[in-house]
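K.L.:
Residues per chain are reported as follows:
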Amino acid sequence: MSRLERKSETKMVPVPSHSIVPERDVNKAPILECSHLGIDFGGLTAVNDFNLTVGRTEIAGLIGPNGAGKTTVFNLLTKVYQPTRGTILVDGKDTHGMNTVQVNRAGIARTFQNIRLFDKLSVEDNVKIGLHNQIKYPMWSGIFRLPGYWKKEKLAHESAMELLHIFGMEDLANHRAGSLPYGAQRRLEIVRALASNPSLLLLDEPAAGMNPSETADLMENILKIRDTFHIAIMLIEHDMSLVMGICEGICVLNFGEIIAKGTPSEIQNNPKVIEAYLGSQKKEG
Amino acid sequence: MTKLRHMKKSTRTSFFTYGLVIVAFLIIQILRGTVGIGSLLEGQLIPICAYIVMAVSLNLVVGISGELSLGHAGFMSVGAFAGCAMANGLQNLVPSEPLRLVIAILFGALMAALAGFLIGIPVLRLNGDYLAIVTLAFGEIIKTILTNLYIGVDANGLQASFVNDTTDLAEGGIALIKGPMGVSNTSARISTFVAGFILVMVALIVVFNLVNSRAGRAIMATRDNRIAAESVGISVTKYKLMAFTVSAALAGAAGTLYGCSQITFSANKFDFNTSILILVFVVLGGLGNMWGSVIAATALTILPEALRQFSDYRMLVYAIVLILVMLATNSPAIRSFFLRIVRGGRNEDGPSRSAKKEAAK
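Protein chains in written order, with numbering that gives the first Met the number 0: chain A, 0 to 284; chain B, 0 to 360.
It is worth saying that the hints were derived from the structure and are not from the lab. Hints should not be assumed to be uniformly reliable.
To be verified - Here are the simulated DSSO-like cross-link-like pairs (lysine-lysine), alpha carbons at most 30 Å apart as the crow flies:
#1 153(A) / 237(B)
#2 8(B) / 268(B)
#3 7(B) / 92(A)
#4 153(A) / 268(B)
#5 119(A) / 268(B)
#6 92(A) / 119(A)
#7 260(A) / 223(A)
#8 177(B) / 119(A)
#9 260(A) / 92(A)
#10 237(B) / 151(A)
#11 135(A) / 177(B)
#12 135(A) / 119(A)
#13 119(A) / 237(B)
#14 153(A) / 27(A)
#15 135(A) / 7(B)
#16 150(A) / 237(B)
#17 268(B) / 135(A)
#18 177(B) / 153(A)
#19 135(A) / 223(A)
#20 119(A) / 151(A)
#21 150(A) / 92(A)
#22 177(B) / 150(A)
#23 119(A) / 10(A)
#24 92(A) / 153(A)
#25 223(A) / 151(A)
#26 268(B) / 150(A)
#27 268(B) / 151(A)
As the list claims (entries may be wrong) - Covered by chain A, according to a simulated footprint, are these stretches of chain B (three or more residues, beta-carbon under 8 Å):
#28 125-133
#29 301-310
The C-beta atom is built at its ideal place from N, Cα and C for all residues, glycine as well.
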């Protein structure tokens, strides 16, 4: 926790799209710009008029009560669902008509609320699958074990180990992913997502099921990932100590609509948020 | 042995399987050279090799790619017809039998791969049971097409007709495919047991090397979790199609090997029952378990011949044995016993207690 106590709140400044980004990112093109994003399921509007700008190295938080549409926003960003309305710009590129695979190549990687690992494969293979589009060689090279195979496999092994090192998981490389304890599975999902070399990492409840000391470690690691890879991270989380501790810009969602955006202290003192999310009497933080 | 333990588990499994096949081949060759193995088994050697290749290739689709295919015999028949027609057509041009067999097998594999690719495009848009039923239908379509196909070659070139035989071959022409009569191998039967053994080894090497490569990991990723695979940029359709096509190519090669070992065969040989039989090999051997497929294919091909002494009750005994073996291999106690033998007495499934504690921190 020591580092977090020392950390003062990042200064957030407005950008032309009426959003705020950290001051250090203001002269760089934002990594993500959503405007008027929305989706209907039949007659139900799950997300409506979602506008958000995420700076190049920002850690952004997406919070809201259960069923507010947070995971739906992630599914829209990664094109698991195609949006009904609005545009998503990733690194300035419109993702209209793209599918999940193309969005990943454009720079978005994610983890899942209900863990989705390749359970039967080893931890190392899970990370190597994440490296799929980073270290490439043709199928023939693999079948006939051509020199390219050995060279690229060695590279993939080294990269996988380097990535696993972030969470100190090198020792688990040969274990089956499905046999890992819960917390380690969550961490492996983050490593796998990082392996696909994203510029925006989406974390869906990364601290779910973790105890306070594990959560504190996770916070350190999220900051470390941002500082090492210089990427933006957007996370959905119910653990307020994590959200308020590391997020620079926070966006609060309720019934599919944004009810507040701002820095952690602004969100904590916003009466609308307190009423809708944190409860009308008690203030958490 | 200590060196073996330091190898990756996948490498050890593949070496074990290669060793198994090589040892079995050597034993049979020595027996054939000395005391003989009996005419019944002698006649079964090439079909056994063909069925092993079929089982291994189907295991790539069912076990590794995770899609149930019920039309695998269709690709075998494409390979058998294309390959044997090629072998018969080339008999004046290429006098060397082994060379002709190699060309025939490559051609059969190519044609089956093409069929697999074309069928895979629509089929792999489906999932689960629907995919299984559609592959069944495509298997039947292939059978019907081949039953109605007439192809002949003479001095004027290739002639083909459909449904009715309108090929009018000049003097010295060869009818390569004769509709319901199928293919008759006009020359000597060119398949040999050695060729069969080599094909089995090639099939195993192709499948093992594919599985332990970037493409193989992508195929298994789409099997284990489609959404997660897409989220890291793996195109699911592409890799399912890749597994399906490679599998069809191997099935085509097996078909040519089988076809060229027969005096004559027709498309009816490769019907739904054959597809199911191959699926039985795969399920009995274990999904994704290649050496299991090898043993299951061998045992279940020999069994009906070995049971000839039961005459009328032969297939009944066969069915009972099949049920008993399925029950036995499905029992956790027996399964863990075999796993212990294969893994050399070590349980590698989960992390050790200390490693788990470390990770939980």
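K.L.:
Could you run down the list of hints and mark each one as holding or not?
P.N.:
Status of the hints after comparison with the structure:
1. The suggested pairing of residue 153(A) with residue 237(B) holds, with an alpha-carbon distance near 25 Å, which does not exceed 30 Å.
2. Between residue 8(B) and residue 268(B) the alpha-carbon distance is near 38 Å, which puts this suggested pair outside the 30 Å criterion.
3. As the CA atoms of residue 7(B) and residue 92(A) are separated by approximately 42 Å, the hinted pair breaks the 30 Å bound.
4. Restraint check: the Cα-Cα separation between residue 153(A) and residue 268(B) comes to about 46 Å, which exceeds 30 Å; the hinted pair is violated.
5. Using a Cα cut-off of 30 Å, the hinted pair residue 119(A) and residue 268(B) is violated, with the two alpha carbons roughly 37 Å apart.
6. With a C-alpha separation of about 36 Å, the suggested pair residue 92(A) and residue 119(A) falls outside the 30 Å cut-off, and the hint is violated.
7. Distance check on the hinted pair: residue 260(A) and residue 223(A) sit about 25 Å apart at the alpha-carbon level, within 30 Å; holds.
8. Proximity of residue 177(B) to residue 119(A) is assessed by CA-CA distance (about 48 Å); at most 30 Å being required, the pair is judged violated.
9. Note on residue 260(A) and residue 92(A): the hinted pairing holds, with a Cα-Cα distance of about 24 Å set against a maximum of 30 Å.
10. About 21 Å separates the Cα atoms of residue 237(B) and residue 151(A), which keeps this hinted pair within 30 Å; it holds.
11. For the given pair, residue 135(A) sits about 46 Å from residue 177(B) by alpha-carbon distance, which is inconsistent with the 30 Å threshold.
12. With a C-alpha separation of about 23 Å, the suggested pair residue 135(A) and residue 119(A) falls inside the 30 Å cut-off, and the hint holds.
13. Pair hint residue 119(A) plus residue 237(B) holds up; C-alpha atoms about 21 Å apart against a cutoff of 30 Å.
14. For the hint linking residue 153(A) to residue 27(A), the alpha-carbon distance of about 36 Å lies beyond 30 Å, and the restraint is violated.
15. Proximity of residue 135(A) to residue 7(B) is assessed by CA-CA distance (about 22 Å); at most 30 Å being required, the pair is judged to hold.
16. Using a Cα cut-off of 30 Å, the hinted pair residue 150(A) and residue 237(B) holds, with the two alpha carbons roughly 24 Å apart.
17. Using a Cα cut-off of 30 Å, the hinted pair residue 268(B) and residue 135(A) is violated, with the two alpha carbons roughly 42 Å apart.
18. The straight-line distance between the Cα atoms of residue 177(B) and residue 153(A) is roughly 53 Å, outside the 30 Å bound, and the hint therefore fails.
19. For the hint pairing residue 135(A) with residue 223(A), the CA-to-CA distance comes to about 27 Å; that is within 30 Å, so the pair holds.
20. The suggested pairing of residue 119(A) with residue 151(A) holds, with an alpha-carbon distance near 23 Å, which does not exceed 30 Å.
21. Between residue 150(A) and residue 92(A), the direct Cα distance comes to roughly 33 Å. Violation of the 30 Å bound is thereby established for this hinted pair.
22. A hinted pair counts as satisfied when its Cα atoms are at most 30 Å apart, and residue 177(B) with residue 150(A) does not qualify at roughly 50 Å.
23. Pair hint residue 119(A) plus residue 10(A) does not hold up; C-alpha atoms about 45 Å apart against a cutoff of 30 Å.
24. Distance restraint check for residue 92(A) and residue 153(A): the Cα-Cα separation of roughly 34 Å exceeds the 30 Å cut-off, and the hinted pair is therefore not satisfied.
25. Between residue 223(A) and residue 151(A) the CA atoms are separated by roughly 27 Å; this keeps the pair inside 30 Å, and the hint holds.
26. About 45 Å separates the Cα atoms of residue 268(B) and residue 150(A), which puts this hinted pair outside 30 Å; it is violated.
27. Taking the CA atoms of residue 268(B) and residue 151(A), the gap is near 44 Å; set against the 30 Å cutoff, the hint is violated.
28. Coverage of the segment 125-133 of chain B by chain A is violated. Counting CB-CB distances below 8 Å, 0 residues qualify, and the rule asks for three or more.
29. Here the segment 301-310 of chain B counts 0 residues with a CB under 8 Å from a CB of chain A, which misses the bar of 3, and the coverage is violated.
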